[in-house]
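Enquirer: Each chain, written out:
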Amino acid sequence: MEEHRQLIIIICVGIYMVLTIGIGIWALRRTKSASDFFVAGRSLGPLVVGMAVFSSTLSGFGFVGGPGLVYATGLSSLWMAVPSTMGYALAFFLVAKRIRMISEVRDTISLPDVLAARFGSETVRVLTGITILLGVLGYLATQILAMSIVLRSILNGMEAFADIGLVTCALISVSVLMFYAFTGGIVASVYTDLVQGLVMIAAAALVFVAASAVFDGGLQEASEVIFQDDPETIMPFGALGVSISVAWFFMIGLGFAGQPHIVTKFMMNRKISDNRLILPLTIFGYAVSVLLWVSIGVVMHAVVIDGQLPPLESADAAVSVFLSMFANPLLAGVVFAGLFAAIMSTADAFLNIGAAAIMHDIPKPFLKRPLRNELAWARGATVVLSVVATGIALYSFYYGGQLVAVLGAFGWGMFAAALVPLVVIGLNWKGATRIGAIAAISVSIVINLGVQLFSIALPYGMAGGFVALLASLIVFISVSLVTRADPIPDDLEKIMDI
Amino acid sequence: MILALLAVLIAMSGAVLWAVAQPPDAPAAGIPHPEISAMTIGGDGRARIHSIFAPALVWQSCAIFVFALMIVLGVAPRHRSARFWVGLALSTLCALGAWFALMASYAQYLETGQTGYVLGFPTASSWMLFGIWGASLSLCALYVFGFRSFVFTHEDETRFQAVLDERAQQLSDDPS
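Protein chains in written order, with the working numbering: chain A, 932 to 1429; chain B, 4 to 179.
It should be emphasised that the hints constitute simulated quantities derived from the structure, not laboratory data.
Any given hint might turn out to be false.
[Claimed, not checked] Simulated DEER-style distance windows between Cβ atoms: (1) Ala-1091/A x Ala-50/B: 54 to 60 Å; (2) Thr-1054/A x Gln-111/B: 50 to 56 Å; (3) Ser-84/B x Lys-1361/A: 19 to 25 Å; (4) Ser-84/B x Arg-973/A: 28 to 34 Å.
[Unchecked claim] To spell it out: a stretch of chain B is covered by chain A in this simulated footprint if at least three of its residues, at any positions, have a beta carbon under 8 Å from a beta carbon of chain A; those stretches are: (5) 42-51; (6) 139-145.
Heads up, the beta-carbon is just placed ideally off N, CA and C, and yes, glycines get one too.
Can you build the whole structure from these sequences, using the hints too?
Expert: This is the structure in structure tokens:
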């Protein structure tokens, strides 16, 4: 089996890709309208939504970047994973029910739709739409780049594909992604998320078992090896220290409820009462998947310190090196498929909300009437977004530009700072005002963009997104308290009372 | 409730500024590993946390209170029963307890240079990985088991259906 390692991996990934294409074709028949394309007609069961929520959350970061960060800096990055349960609970307590109700009453198909209805403001709609589009472009570009790099590393391992380049891999990756997002929209997206979520869970659980067996004494022996080299690395705040760690806890934990690719899933379930099942399913899926993040990172750090392996050229290689050295070929194939699953489950969610921002949210205030044939426009926007994001990804890779890094900064932290106040507090507090909302989004954009564009080094290495989130929350509440509350439409007021 | 939330957020900002105002005695965000590129090490843990131990303790405690207050905001006032308050209080205490236990065991390690291991990790790290994460499971339990009591009761469902019916009536009367 070992001599066919690369072939086995390619077959596993190939099976997974064919499966996603098949789901896209199936979803094509179910997608008849823009409502189907963006919110799946509000007809999804709890297992589908639960798997979709967690798999959309954990992108390639959870399967590549996260283990790489643990390899590089110890346990610091786990302060991004540890608040997940609290973050999901917050999202369900404060957002899931109300956004689902508003979605049904007002027939909304996007988060900007919901916020425009809540604040009675097209300015809020457009600002939210622009925020989402900027964040999506950055996130999507990094996901496409990650997919392309991983695919190239897999294919280059076989003689037949030794010379295949990054551009070709990018075209293959984005074609599969675009196909099922184009044909089936969110229906394809969430049903592939179901498959992707199950693959991720299986892959992570199997990897955890394999990683725990690398050292005879299990993870404790790996921890002891690291402790001997530098105790801080394996202590709770890792190499990066307490300030960065607790800042991440706040930004990531609170940020769950402001991520558009997560909260839009709440608009899609069949019944509000299903949320009772969806929350534990989501938490379970995420918790198991994080086992890969922890175990590979810790074990790879330990084996390098111990001299069993030479130092990695790049921290992001931790997963692929682990799979080639310590996992049997079939496990490696499943995990690589899981890796693609993690990346694509997030990328397709971004494609969907980005398409909504382009053809629905941003133009809506300027058009006199709704677009005719919205479904066709939605599909067109999906293609445009895919092409643009791929271009950004390849440009950044070949020309070393800061563009993806800048737009990537409009990732989790941007969504959190701009949207958490409006969504989490705004949907639950009648005193939240339109002016407060506009002020909060503006503050979050200025701080996030300012920190990145001017390369401002915050004290103790704190993330700009953390500062932006804290500031935007205080601004949102303070400005709302001193400005006049706008009248809330009767139906929304009743929903906020429920 | 919103004023309490604002107060805690401002207190948290104060703790952040307090931390930032303390000059660290060692590089707070780590230093490059002397032999292995692409790795960062923490170095002298005692020196780098010495001046910000207290502000960090307050900072994270405030963060936990922010989460708790926001959950109160998400539950309608008429549903904030004694059962809800007890459940939320217990969850918050669990989270705070895990955080203080983490800091206490970390401080003990800094003092002695020794640590025990629990579930494969140093004690303080186990408090982070399993204590803080695990304490949050109580919030999940509060949601799941309290769903029909204070999240979305049968009465709430009836009220929502009434809103839907009213909206449908409005749309049929005035489609524009």
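Enquirer: Can you name, in rising order, the numbers of the hints this structure does not satisfy?
Expert: none
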